[in-house]
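If you read the sequences in order, they're chains A and B. Each step along the first sequence adds one to the number in this note's numbering, with nothing skipped, and position 312 is 312. Each step along the second sequence adds one to the number in this note's numbering, with nothing skipped, and position 276 is 276.
Keep in mind the hints are simulated off the structure, nothing from the lab. None of these values were measured; they are calculated from a predicted model. In this text, a Cβ means the ideal position worked out from N, Cα and C, and glycines have one as well. Wrong hints could be hidden among the right ones.
[To be verified] Within a straight-line C-alpha distance of at most 25 Å, the following computed DSS-like cross-link-like pairs (lysine-lysine) qualify: (1) B:Lys-207 <-> A:Lys-335; (2) B:Lys-352 <-> A:Lys-155; (3) A:Lys-155 <-> B:Lys-349; (4) B:Lys-41 <-> A:Lys-155.
[To be verified] Not the full set, but computed from the structure, chain B residues with beta-carbon under 10 Å of chain A: (5) Gln-21; (6) Pro-23; (7) Gly-129; (8) Ile-131; (9) Asn-199; (10) Val-357.
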Amino acid sequence: MFSFYDISNSIHQWLSSQMGSTAVMLIEMAIVGVLAISLFAFLGLLLVYMERKVAAFMQLRLGPNRVGWKGTLQTLADTIKLLFKEGFSPDASDKFLFNFAPILVIVVAMLLLAPIPFAKGFQIYDINIGVFYISAVSSIGVIGILMAGWSSNNKYSLLGAMRSGAQIVSYELSAGLSLVVIVAFSGSMSLTQIVQSQADGWWIFKGHIPAMIAFVIFIIAGTAELNRAPFDFAEAESELTAGFHTEYTGMRFAMFFLAEYINMFIMAAVGATLFLGGWMPLHFGNLSGFNHIMDFIPHIVWFMGKTFFLIFVLMWFRWTFPRLRIDQLLTLEWKYLMPISLFNLLLVALVVIKGWHF
Amino acid sequence: MELEQPAISDTGDFTINMGPQHPSTHGVLHLKVTLNGETIKNVEPHLGYIHRSIEKMSEASTYRNFIYLTSRMDYLSAHMNNQACAMVVEKGLQLEIPPRAKVIRMLMSELTRLASHQLWWGALGLDLGAITPYFLGFRDREEILDIFEETCGARLTMNYNVPGGLMYDIHPNFVGKVKTFLKNFEDHLPEYKQLLTGNIIFEERTKGVGILTPEDALSFGCTGAVARGSGISCDVRKWNPYDGYETVQFEEPMETGCDCYSRYVVRIREMEESVKIIEQLIDNIPEGEFQAKTKVVLKVPKGEYYTRVETARGELGVYLVSDGSSNPYRIKYRSPGFSNLAALNTMAKGNKIGDLVAIMATLDLVIPDIDR
Chain A
1 MFSFYDISNS
11 IHQWLSSQMG
21 STAVMLIEMA
31 IVGVLAISLF
41 AFLGLLLVYM
51 ERKVAAFMQL
61 RLGPNRVGWK
71 GTLQTLADTI
81 KLLFKEGFSP
91 DASDKFLFNF
101 APILVIVVAM
111 LLLAPIPFAK
121 GFQIYDINIG
131 VFYISAVSSI
141 GVIGILMAGW
151 SSNNKYSLLG
161 AMRSGAQIVS
171 YELSAGLSLV
181 VIVAFSGSMS
191 LTQIVQSQAD
201 GWWIFKGHIP
211 AMIAFVIFII
221 AGTAELNRAP
231 FDFAEAESEL
241 TAGFHTEYTG
251 MRFAMFFLAE
261 YINMFIMAAV
271 GATLFLGGWM
281 PLHFGNLSGF
291 NHIMDFIPHI
301 VWFMGKTFFL
311 IFVLMWFRWT
321 FPRLRIDQLL
331 TLEWKYLMPI
341 SLFNLLLVAL
351 VVIKGWHF
Chain B
1 MELEQPAISD
11 TGDFTINMGP
21 QHPSTHGVLH
31 LKVTLNGETI
41 KNVEPHLGYI
51 HRSIEKMSEA
61 STYRNFIYLT
71 SRMDYLSAHM
81 NNQACAMVVE
91 KGLQLEIPPR
101 AKVIRMLMSE
111 LTRLASHQLW
121 WGALGLDLGA
131 ITPYFLGFRD
141 REEILDIFEE
151 TCGARLTMNY
161 NVPGGLMYDI
171 HPNFVGKVKT
181 FLKNFEDHLP
191 EYKQLLTGNI
201 IFEERTKGVG
211 ILTPEDALSF
221 GCTGAVARGS
231 GISCDVRKWN
241 PYDGYETVQF
251 EEPMETGCDC
261 YSRYVVRIRE
271 MEESVKIIEQ
281 LIDNIPEGEF
291 QAKTKVVLKV
301 PKGEYYTRVE
311 TARGELGVYL
321 VSDGSSNPYR
331 IKYRSPGFSN
341 LAALNTMAKG
351 NKIGDLVAIM
361 ATLDLVIPDI
371 DR
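Model the full structure from these sequences, guided by the hints.
The following block contains the structure:
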């Protein structure tokens, strides 16, 4: 059967037969880097297009339909326009931090791609503490936002950045705790092993109610971490004009924009991997006939299907909900989500010790 | 560059300027907001960015012409503005307008009110961060504007009223199209409620926010949905019926919550009442003339005249001083938006900056109406 593992394996073997191990490693790193950047650019284009089409679908509009077939090249055209815009920075801004912030944000987004298993054996870096890595690296992104807000020397930017700081630091806890639930179930932090542990059923089905609660909390906290509506306080267009990126123009603005979409993809991918089985096909315990049929659908299709389903849910949120207020946001986290997460974790510990899950 | 005063005071207060170019001031309103963190200490509206001296320009126009300047005041209730001006001239000339003109004026007024409230509903969603309501509001508004276009030739500044009645008769399709619209709107109104009214985030954002006590509402001279949200009955159509409003059955919606949510509910119910009025009138448009006979040059007898109408935003008063010539000697408009804006500081103090946007949205500000 078709598998990405065979392709990557044969490339590796062919390279190994031609040259020494150091050269092989360097070449493979270069290939992976190029692939990651291409994926990055492609996802950016695709997700922006998807967002606009989903929004149009919700809002009785057609969405982009002029550039390319059904408007598919619209995002590309916009990117080209942004490339030609002047990269303006305000007089009173802190030039170094102002220029560094978008780079930091985008590098963090790229780093997060590393441990995601796209298909069986198709993963940039199978790190054994994948879950920990993701929650650690994703929290660096807020520093970029704070930098951008502070260095712009604009009160709107500063307000947006401070909101974002309070928000991401708070919701990091709930998101982390809901990831821990799955770590407790599967007994591993490696994303590959978490996917393997779902061979006889996804955790959202196997894990009873605690997994469901964790999944809902993860989606809420993840939306908040992404700074997307209904938690888009950092931008809050109607309140703070554009929040932390008010002063950014051209490609530097586009980097923030792109990073938001890549982060959305990663959030959805992590959610799909941990709760919905990642690339693992839909399997039910002992129904071997059914399981066998499901195996015929390639892993990458399963993975992308689940991820894009979650992305669609996030977009759905954005286009239907009003925005909360900053104090309500923090109330929601500290008074509701956080205690529920902690209690849920206790429940999971009990379930795992007693072996009540499937 | 040396700053004359520190950006942040010793107590931690700082000032941000919202507008004149800001996404949620809906025009060129400039708010000087003093904040402490996210909490509002003081809001100071600065006006004058779109002052066009409509009152002074009216003095140079004839009694037939000055009416059309007022379409540019509160452009969302252009028809009602024109109506108020036509009424003040009719009062001066002691003209009785034909019954057909009265009914059509009422129909057009209520359609304008619906269109205005639909836009307000969409913009409220937009201000609170929900973008979809804007498009749904426009979907229904578009139908009304199409009806206007067919009859008056214009979609926004309709200029349909003349002293003595209407400029021309309604289009033959008018009745059928209004009925189609009513049927569609009946299906669409539940969607309004699904998207915002019952939404928990929306309720959290608006309930208990922007409290305007009835005493404050009276002392600031608030009218329209802003006063009715504080439990003050002030509908000119009820208290001082004009152009046949005494003949139709409708309620004056009132809420006693005094907050943004009450003002929201009042406007939603006002839409239902407008639909009721249109339903009563649409099958009963009397036959006959649509315009009373008037002289070519109108000369209002010497004296002072005042009329008022209920626009979508509240009470619009027109005060006319005539010296007996063919031009008004002095015109003064009492615009609802100006008085409602005066209450902004009282309502916003102590709330968060996100609430300021919600409060402004429920005041339903139209800046050209405030500045004139």
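Hints versus structure:
no. : hint                    : result
1   : B:Lys-207 <-> A:Lys-335 : 20 Å, holds
2   : B:Lys-352 <-> A:Lys-155 : 15 Å, holds
3   : A:Lys-155 <-> B:Lys-349 : 19 Å, holds
4   : B:Lys-41 <-> A:Lys-155  : 16 Å, holds
5   : Gln-21                  : 9 Å, holds
6   : Pro-23                  : 5 Å, holds
7   : Gly-129                 : 3 Å, holds
8   : Ile-131                 : 6 Å, holds
9   : Asn-199                 : 7 Å, holds
10  : Val-357                 : 5 Å, holds
Checked against the numbered hints given earlier, this structure breaks none of them.
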